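K.L.:
Sequence:
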Amino acid sequence: MKKIILYFACFLAIQNLSLSQTVRRNFADVNGDNYQDKIEYKDYGQNIIDIIVSFGSSSGTYGEPFTFSSHIDRGYPDKPWGFIDVNNDGKADFITIRGIPPDRLEQVTYFSNGNGLDTEHRTFTHYVDGGLTLLVYPTIKVTGLLEPEHDPDRNFQRGMPSYIYGGNSPESWVRGKATLDQASGILSITIQLETDATDAGPKGRVTVALTDCSGKAIANLTTDEVETGGKNPGSAKIVNFSSQKQIDPEKACKVCSLYVTAQKTGVKKALWDGNGDKLKDAFNIVVAYFSGQ
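Under the numbering used here, think of the first position of the sequence shown as 1, with each following residue one higher.
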(Lines of atoms letter the chains of each structure in order from A and count residues from 1; the text may use other names and numbers.)
(Lines give C-alpha, C1' and ligand atoms only; values in the text may rest on other atoms or scores of the structure.)
Protein backbone atom coordinates (compact mmCIF):
# COMPACT_ATOMS: atom_id res chain seq x y z
CA MET A 1 0.00 0.00 0.00
CA LYS A 2 1.26 3.46 -0.86
CA LYS A 3 2.16 5.75 1.99
CA ILE A 4 1.91 9.47 2.55
CA ILE A 5 5.07 10.89 4.04
CA LEU A 6 4.10 13.44 6.66
CA TYR A 7 6.57 15.83 8.27
CA PHE A 8 4.89 16.12 11.65
CA ALA A 9 6.14 18.89 13.94
CA CYS A 10 9.40 19.48 12.07
CA PHE A 11 11.52 18.46 9.11
CA LEU A 12 13.90 16.44 11.25
CA ALA A 13 11.31 13.93 12.47
CA ILE A 14 10.02 12.22 9.35
CA GLN A 15 7.24 9.79 10.17
CA ASN A 16 5.93 7.35 7.57
CA LEU A 17 2.18 7.29 8.13
CA SER A 18 -0.01 4.69 6.51
CA LEU A 19 -3.15 5.95 4.82
CA SER A 20 -5.20 4.57 7.71
CA GLN A 21 -3.86 7.24 10.06
CA THR A 22 -5.04 10.80 10.60
CA VAL A 23 -3.53 13.98 12.00
CA ARG A 24 -5.38 16.27 14.38
CA ARG A 25 -4.47 19.36 16.39
CA ASN A 26 -5.80 20.42 19.75
CA PHE A 27 -4.53 24.02 19.64
CA ALA A 28 -4.10 26.61 16.89
CA ASP A 29 -4.42 30.39 16.56
CA VAL A 30 -7.45 30.49 14.27
CA ASN A 31 -8.33 34.18 14.77
CA GLY A 32 -4.86 35.72 14.47
CA ASP A 33 -4.65 37.33 17.94
CA ASN A 34 -1.42 35.48 18.88
CA TYR A 35 -3.19 33.39 21.54
CA GLN A 36 -3.67 29.66 21.09
CA ASP A 37 -7.29 28.56 20.72
CA LYS A 38 -8.66 25.20 21.82
CA ILE A 39 -10.04 23.09 18.98
CA GLU A 40 -12.44 20.16 19.26
CA TYR A 41 -14.29 18.15 16.64
CA LYS A 42 -17.85 16.84 16.50
CA ASP A 43 -18.08 13.89 14.13
CA TYR A 44 -21.33 13.30 12.27
CA GLY A 45 -19.99 10.31 10.38
CA GLN A 46 -19.54 10.12 6.60
CA ASN A 47 -16.40 12.30 7.01
CA ILE A 48 -18.46 15.35 8.06
CA ILE A 49 -17.43 17.29 11.18
CA ASP A 50 -18.18 20.44 13.12
CA ILE A 51 -15.16 22.40 14.33
CA ILE A 52 -15.69 23.68 17.89
CA VAL A 53 -13.40 26.50 19.06
CA SER A 54 -12.78 28.15 22.42
CA PHE A 55 -10.76 31.35 21.91
CA GLY A 56 -7.61 31.63 24.02
CA SER A 57 -6.63 34.70 26.04
CA SER A 58 -3.51 36.32 27.48
CA SER A 59 -4.28 34.76 30.87
CA GLY A 60 -4.13 31.22 29.48
CA THR A 61 -7.87 30.68 29.96
CA TYR A 62 -10.43 29.95 27.24
CA GLY A 63 -13.77 31.45 26.33
CA GLU A 64 -17.01 29.61 25.82
CA PRO A 65 -16.87 26.99 23.04
CA PHE A 66 -18.80 27.75 19.88
CA THR A 67 -19.21 26.24 16.43
CA PHE A 68 -16.43 27.79 14.37
CA SER A 69 -17.55 25.99 11.22
CA SER A 70 -20.19 23.33 10.69
CA HIS A 71 -20.51 20.34 8.37
CA ILE A 72 -16.95 20.51 7.03
CA ASP A 73 -15.89 17.68 4.75
CA ARG A 74 -12.57 16.63 6.26
CA GLY A 75 -11.89 14.17 3.48
CA TYR A 76 -11.59 10.43 3.64
CA PRO A 77 -10.73 8.97 7.06
CA ASP A 78 -7.57 7.40 5.62
CA LYS A 79 -6.06 10.80 4.72
CA PRO A 80 -4.19 13.16 7.08
CA TRP A 81 -5.77 16.50 8.00
CA GLY A 82 -5.13 19.37 10.39
CA PHE A 83 -4.58 23.12 10.85
CA ILE A 84 -1.78 25.21 9.33
CA ASP A 85 -1.50 28.87 8.27
CA VAL A 86 -1.50 28.33 4.51
CA ASN A 87 -1.66 31.96 3.34
CA ASN A 88 0.59 33.46 6.05
CA ASP A 89 -2.04 35.85 7.42
CA GLY A 90 -1.55 34.78 11.04
CA LYS A 91 -4.71 32.64 11.15
CA ALA A 92 -4.50 28.84 11.02
CA ASP A 93 -6.44 27.30 8.12
CA PHE A 94 -7.98 23.84 7.85
CA ILE A 95 -6.28 21.57 5.31
CA THR A 96 -6.87 18.01 4.17
CA ILE A 97 -6.06 15.67 1.29
CA ARG A 98 -8.64 13.98 -0.93
CA GLY A 99 -8.43 11.76 -3.97
CA ILE A 100 -6.97 8.38 -4.78
CA PRO A 101 -3.32 7.86 -5.77
CA PRO A 102 -1.70 7.33 -8.19
CA ASP A 103 -4.01 9.28 -10.49
CA ARG A 104 -4.29 12.53 -8.59
CA LEU A 105 -4.72 13.96 -5.13
CA GLU A 106 -6.53 17.12 -4.07
CA GLN A 107 -5.16 19.47 -1.43
CA VAL A 108 -8.29 21.05 0.02
CA THR A 109 -7.95 24.21 2.10
CA TYR A 110 -10.59 26.07 4.09
CA PHE A 111 -9.18 29.52 4.86
CA SER A 112 -9.91 30.98 8.29
CA ASN A 113 -11.51 34.43 8.38
CA GLY A 114 -11.10 34.71 12.16
CA ASN A 115 -14.68 33.77 12.97
CA GLY A 116 -15.07 30.69 10.80
CA LEU A 117 -13.86 28.92 7.68
CA ASP A 118 -14.49 30.13 4.14
CA THR A 119 -15.54 27.87 1.29
CA GLU A 120 -13.10 25.20 0.21
CA HIS A 121 -10.26 25.78 -2.24
CA ARG A 122 -8.75 22.85 -4.14
CA THR A 123 -5.30 22.29 -5.61
CA PHE A 124 -4.69 19.14 -7.65
CA THR A 125 -1.33 17.47 -7.03
CA HIS A 126 0.19 14.62 -9.03
CA TYR A 127 1.22 11.65 -6.94
CA VAL A 128 4.91 10.88 -7.34
CA ASP A 129 6.91 7.81 -6.45
CA GLY A 130 7.85 8.05 -2.78
CA GLY A 131 4.64 9.70 -1.67
CA LEU A 132 3.10 13.08 -1.15
CA THR A 133 4.78 15.50 1.21
CA LEU A 134 2.29 17.28 3.44
CA LEU A 135 3.70 19.83 5.87
CA VAL A 136 1.75 20.12 9.12
CA TYR A 137 3.22 22.25 11.88
CA PRO A 138 1.45 21.98 15.24
CA THR A 139 1.30 25.34 17.02
CA ILE A 140 2.95 25.16 20.43
CA LYS A 141 0.88 26.41 23.37
CA VAL A 142 2.75 29.06 25.40
CA THR A 143 1.57 29.97 28.91
CA GLY A 144 3.29 31.30 32.01
CA LEU A 145 3.26 32.32 35.65
CA LEU A 146 1.40 35.59 36.25
CA GLU A 147 1.51 37.90 39.28
CA PRO A 148 -2.12 39.05 39.62
CA GLU A 149 -2.20 40.32 43.23
CA HIS A 150 -0.83 43.79 42.49
CA ASP A 151 -2.28 44.07 38.99
CA PRO A 152 -5.60 42.19 38.75
CA ASP A 153 -6.37 43.64 35.31
CA ARG A 154 -2.88 42.75 34.04
CA ASN A 155 -2.31 46.23 32.66
CA PHE A 156 1.44 45.68 32.98
CA GLN A 157 1.64 42.27 31.31
CA ARG A 158 2.69 43.96 28.04
CA GLY A 159 1.93 40.92 25.89
CA MET A 160 4.25 38.59 27.79
CA PRO A 161 3.05 35.14 28.94
CA SER A 162 4.75 35.58 32.33
CA TYR A 163 5.35 38.62 34.53
CA ILE A 164 6.14 39.42 38.16
CA TYR A 165 5.54 42.69 39.98
CA GLY A 166 8.77 43.56 41.74
CA GLY A 167 7.32 45.84 44.43
CA ASN A 168 7.78 49.51 45.24
CA SER A 169 11.48 49.52 46.21
CA PRO A 170 12.03 50.10 43.35
CA GLU A 171 8.72 49.89 41.51
CA SER A 172 9.61 47.32 38.89
CA TRP A 173 8.50 44.36 36.80
CA VAL A 174 10.18 41.25 35.38
CA ARG A 175 8.63 39.58 32.33
CA GLY A 176 9.49 36.65 30.09
CA LYS A 177 8.50 34.95 26.87
CA ALA A 178 9.79 32.03 24.79
CA THR A 179 9.33 30.57 21.32
CA LEU A 180 10.51 27.30 19.78
CA ASP A 181 11.30 26.65 16.12
CA GLN A 182 10.77 22.90 15.90
CA ALA A 183 12.40 22.61 12.49
CA SER A 184 15.76 23.83 13.81
CA GLY A 185 15.39 23.18 17.54
CA ILE A 186 16.16 26.86 18.25
CA LEU A 187 14.47 28.12 21.42
CA SER A 188 14.43 31.91 21.87
CA ILE A 189 13.93 33.57 25.26
CA THR A 190 13.30 37.23 26.04
CA ILE A 191 13.63 38.73 29.52
CA GLN A 192 12.05 42.16 29.93
CA LEU A 193 12.97 44.38 32.87
CA GLU A 194 11.05 47.55 33.69
CA THR A 195 11.69 50.17 36.37
CA ASP A 196 9.91 53.37 37.29
CA ALA A 197 12.60 54.49 39.74
CA THR A 198 15.60 56.71 39.01
CA ASP A 199 17.93 55.12 41.57
CA ALA A 200 17.45 51.38 41.05
CA GLY A 201 16.06 48.65 38.84
CA PRO A 202 15.34 44.91 39.01
CA LYS A 203 17.43 41.83 38.49
CA GLY A 204 15.75 38.77 37.03
CA ARG A 205 15.84 35.51 35.15
CA VAL A 206 13.44 33.21 33.30
CA THR A 207 12.83 29.47 33.32
CA VAL A 208 11.00 27.58 30.58
CA ALA A 209 9.44 24.12 31.00
CA LEU A 210 8.95 22.02 27.86
CA THR A 211 6.28 19.30 27.88
CA ASP A 212 4.87 16.90 25.31
CA CYS A 213 1.21 16.56 24.29
CA SER A 214 0.49 14.19 27.19
CA GLY A 215 1.93 16.63 29.73
CA LYS A 216 5.19 14.75 30.33
CA ALA A 217 8.23 16.91 31.04
CA ILE A 218 10.85 16.99 28.28
CA ALA A 219 13.30 19.64 29.50
CA ASN A 220 13.74 22.71 31.68
CA LEU A 221 15.71 25.75 30.54
CA THR A 222 17.13 28.35 32.92
CA THR A 223 18.71 31.67 31.97
CA ASP A 224 21.46 33.65 33.61
CA GLU A 225 20.49 36.65 35.71
CA VAL A 226 20.21 40.02 33.94
CA GLU A 227 19.89 43.46 35.53
CA THR A 228 19.22 47.13 34.94
CA GLY A 229 19.59 50.20 37.13
CA GLY A 230 17.45 53.30 37.53
CA LYS A 231 15.75 55.15 34.71
CA ASN A 232 16.59 58.61 33.47
CA PRO A 233 14.10 61.29 34.56
CA GLY A 234 10.80 60.83 32.75
CA SER A 235 8.79 57.76 31.82
CA ALA A 236 9.54 54.21 32.91
CA LYS A 237 12.51 52.35 31.43
CA ILE A 238 12.06 49.00 29.68
CA VAL A 239 15.01 46.83 28.66
CA ASN A 240 14.64 43.64 26.58
CA PHE A 241 17.35 40.97 26.86
CA SER A 242 17.25 38.04 24.41
CA SER A 243 19.24 34.89 23.68
CA GLN A 244 18.81 31.59 21.85
CA LYS A 245 19.64 27.97 22.58
CA GLN A 246 19.47 24.98 20.27
CA ILE A 247 17.91 21.95 21.88
CA ASP A 248 17.98 18.36 20.67
CA PRO A 249 15.90 18.42 17.43
CA GLU A 250 14.38 15.01 18.17
CA LYS A 251 13.17 16.31 21.53
CA ALA A 252 12.01 19.59 19.97
CA CYS A 253 9.69 17.61 17.71
CA LYS A 254 7.85 16.24 20.75
CA VAL A 255 7.17 19.63 22.36
CA CYS A 256 3.53 20.74 22.56
CA SER A 257 3.71 23.27 25.40
CA LEU A 258 6.06 25.90 26.83
CA TYR A 259 5.51 27.22 30.38
CA VAL A 260 7.42 30.42 31.12
CA THR A 261 8.25 31.63 34.63
CA ALA A 262 9.69 35.11 35.20
CA GLN A 263 11.57 35.63 38.47
CA LYS A 264 12.77 38.74 40.26
CA THR A 265 16.13 37.87 41.81
CA GLY A 266 17.31 41.17 43.26
CA VAL A 267 17.83 44.92 42.85
CA LYS A 268 20.56 46.87 41.08
CA LYS A 269 21.30 50.19 42.76
CA ALA A 270 22.37 52.64 40.06
CA LEU A 271 21.20 56.22 39.56
CA TRP A 272 20.08 57.22 36.04
CA ASP A 273 21.41 54.03 34.49
CA GLY A 274 20.55 54.87 30.88
CA ASN A 275 17.46 54.42 28.76
CA GLY A 276 15.76 51.26 27.59
CA ASP A 277 17.37 49.19 24.86
CA LYS A 278 17.30 45.80 23.18
CA LEU A 279 20.26 43.57 24.01
CA LYS A 280 20.91 40.38 22.02
CA ASP A 281 22.97 37.41 23.20
CA ALA A 282 22.59 38.90 26.66
CA PHE A 283 22.67 35.72 28.75
CA ASN A 284 23.43 32.01 28.73
CA ILE A 285 20.74 29.33 28.77
CA VAL A 286 21.23 26.01 30.57
CA VAL A 287 19.18 22.99 29.42
CA ALA A 288 18.29 20.06 31.68
CA TYR A 289 16.67 17.09 29.91
CA PHE A 290 14.46 14.60 31.70
CA SER A 291 15.30 10.93 31.40
CA GLY A 292 13.10 8.84 29.14
CA GLN A 293 12.44 11.73 26.74
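It is possible that some hints are incorrect.
Calculated cross-link-like contacts (lysine-lysine; reagent style PhoX-like; alpha-carbon spacing at most 20 Å) [to be verified]:
| id | residue 1 | residue 2 |
| --- | --- | --- |
| 1 | K38 | K269 |
| 2 | K245 | K280 |
| 3 | K278 | K268 |
| 4 | K91 | K203 |
| 5 | K216 | K254 |
| 6 | K203 | K268 |
| 7 | K269 | K203 |
| 8 | K245 | K278 |
| 9 | K251 | K216 |
| 10 | K203 | K280 |
| 11 | K264 | K203 |
| 12 | K91 | K38 |
It should be emphasised that the hints constitute simulated quantities derived from the structure, not laboratory data.
This structure is a prediction, so every number in the text was calculated from the model and none was measured.
K.L.:
All hints are to be evaluated individually against the structure, with a verdict given for each.
P.N.:
Results for each hint:
| no. | hint | verdict |
| --- | --- | --- |
| 1 | K38 - K269 | 44 Å, violated |
| 2 | K245 - K280 | 12 Å, holds |
| 3 | K278 - K268 | 18 Å, holds |
| 4 | K91 - K203 | 36 Å, violated |
| 5 | K216 - K254 | 10 Å, holds |
| 6 | K203 - K268 | 6 Å, holds |
| 7 | K269 - K203 | 10 Å, holds |
| 8 | K245 - K278 | 18 Å, holds |
| 9 | K251 - K216 | 12 Å, holds |
| 10 | K203 - K280 | 17 Å, holds |
| 11 | K264 - K203 | 6 Å, holds |
| 12 | K91 - K38 | 14 Å, holds |
In this structure, the earlier hints numbered 1 and 4 are contradicted, and the remaining ones agree with it.
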